[in-house]
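Novice: Sequence:
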Amino acid sequence: MSRGGGDGNKLRGCELEVSGSCSVLDEVIYERGEREGSVLEGGDSEWDVDYENSMLDERAIAWKLSDIKGINPEFYTHKILMEKDFEPAVQHQRRVNPKIHDVIKQEVIKLLEAGLIYPISDSPWMLERLAGNQYYCFLDGFLGYFQIPIDPKDQEKTTFTYPYGTFVYRRMPFGLCNAPGTFQRCMMAIFYDMIKKTIEVFMDDFSVFENSFQSCLSHLDQMLKRYEDTNLCLN
Numbered sequence: 001m002s003r004g005g006g007d008g009n010k011l012r013g014c015e016l017e018v019s020g021s022c023s024v025l026d027e028v029i030y031e032r033g034e035r036e037g038s039v040l041e042g043g044d045s046e047w048d049v050d051y052e053n054s055m056l057d058e059r060a061i062a063w064k065l066s067d068i069k070g071i072n073p074e075f076y077t078h079k080i081l082m083e084k085d086f087e088p089a090v091q092h093q094r095r096v097n098p099k100i101h102d103v104i105k106q107e108v109i110k111l112l113e114a115g116l117i118y119p120i121s122d123s124p125w126m127l128e129r130l131a132g133n134q135y136y137c138f139l140d141g142f143l144g145y146f147q148i149p150i151d152p153k154d155q156e157k158t159t160f161t162y163p164y165g166t167f168v169y170r171r172m173p174f175g176l177c178n179a180p181g182t183f184q185r186c187m188m189a190i191f192y193d194m195i196k197k198t199i200e201v202f203m204d205d206f207s208v209f210e211n212s213f214q215s216c217l218s219h220l221d222q223m224l225k226r227y228e229d230t231n232l233c234l235n
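Sequential numbering from 1 applies to the sequence shown in UniProt numbering.
Cβ pair distances, simulated, as ranges:
| hint | residue 1 | residue 2 | range |
| --- | --- | --- | --- |
| 1 | E156 | K84 | 41 to 51 Å |
| 2 | R171 | M82 | 31 to 41 Å |
| 3 | Y192 | F86 | 12 to 22 Å |
| 4 | S215 | G115 | 41 to 51 Å |
| 5 | R95 | R170 | 12 to 22 Å |
| 6 | T159 | F86 | 40 to 50 Å |
| 7 | T161 | L217 | 45 to 55 Å |
| 8 | I104 | M188 | 22 to 32 Å |
List time: in silico BS3-like cross-link candidates among lysine-lysine, alpha-carbon distance up to 25 Å:
| hint | residue 1 | residue 2 |
| --- | --- | --- |
| 9 | K196 | K84 |
| 10 | K196 | K225 |
| 11 | K225 | K197 |
Rather than coming from a laboratory, the hints here were simulated on the basis of the structure.
Nothing here was measured: the structure is a model prediction, and the numbers come from that model.
Just so it is clear, CB atoms sit at the ideal spot from N, CA and C, and this is done for glycine as well.
Produce the entire structure from the sequences given, and follow the hints as far as they go.
Specialist: Below, the structure is given as structure tokens:
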């Protein structure tokens with residue numbers, strides 16, 4: 001392929017032969033601001049690297065996330081349509097290995113700096129029912145997953161070993177497949193008659209709300225009583 005047509009056996013003006021007349025570098029590194037490498041070696045190349053870089057700069061090429069301008073919203077947008085009585089499912093926040101927290105943070109920062117995401121102080125999907133109340137109480141469960149027992153028939157499936165022995169979990173560990181969903185369903189079952197009325201539950205985070213201080217304390221007392229009855233622990 002040659003620039004502007006010509007013999008198909010030519011590669012940008014050089015004979016496509018295994019010879020010393022024209023060699024193609026294995027890798028071309030393009031980075032805006034400082035680009036290294038060249039497409040071809042040899043003075044007989046009719047395709048100038050600087051010209052190619054300049055041409056690419058002027059075309060629809062993105063070198064990094066911040067280069068993505070996005071399609072004009074007047075031309076096309078994605079809409080999420082829902083019926084008025086439809087309640088979206090709340091996707092629980094997944095716990096991640098602390099070792100990759102920094103990796104996740106850097107990826108979020110990249111999206112934030114590129115303008116692809118933006119922060120919000122609240123979410124209508126979780127907090128719209130809390131709006132309008134004057135008093136709130138927030139509580140945190142203590143190592144919530146460890147408060148749920150594993151069926152004895154399935155405990156050996158959690159076997160782990162290290163140099164000093166082999167063990168299985170009696171309680172549901174963090175990182176176990178489907179553990180977040182199990183925990184959320186358990187909380188929904190325990191507080192089924194309070195959720196959306198006097199409390200909100202998100203994993204092991206609890207919010208008690210009411211318009212009057214005394215009523216808020218009363219709801220808190222009811223929730224703590226339920227905790228005691230079911231052997232749950234708060235942090």
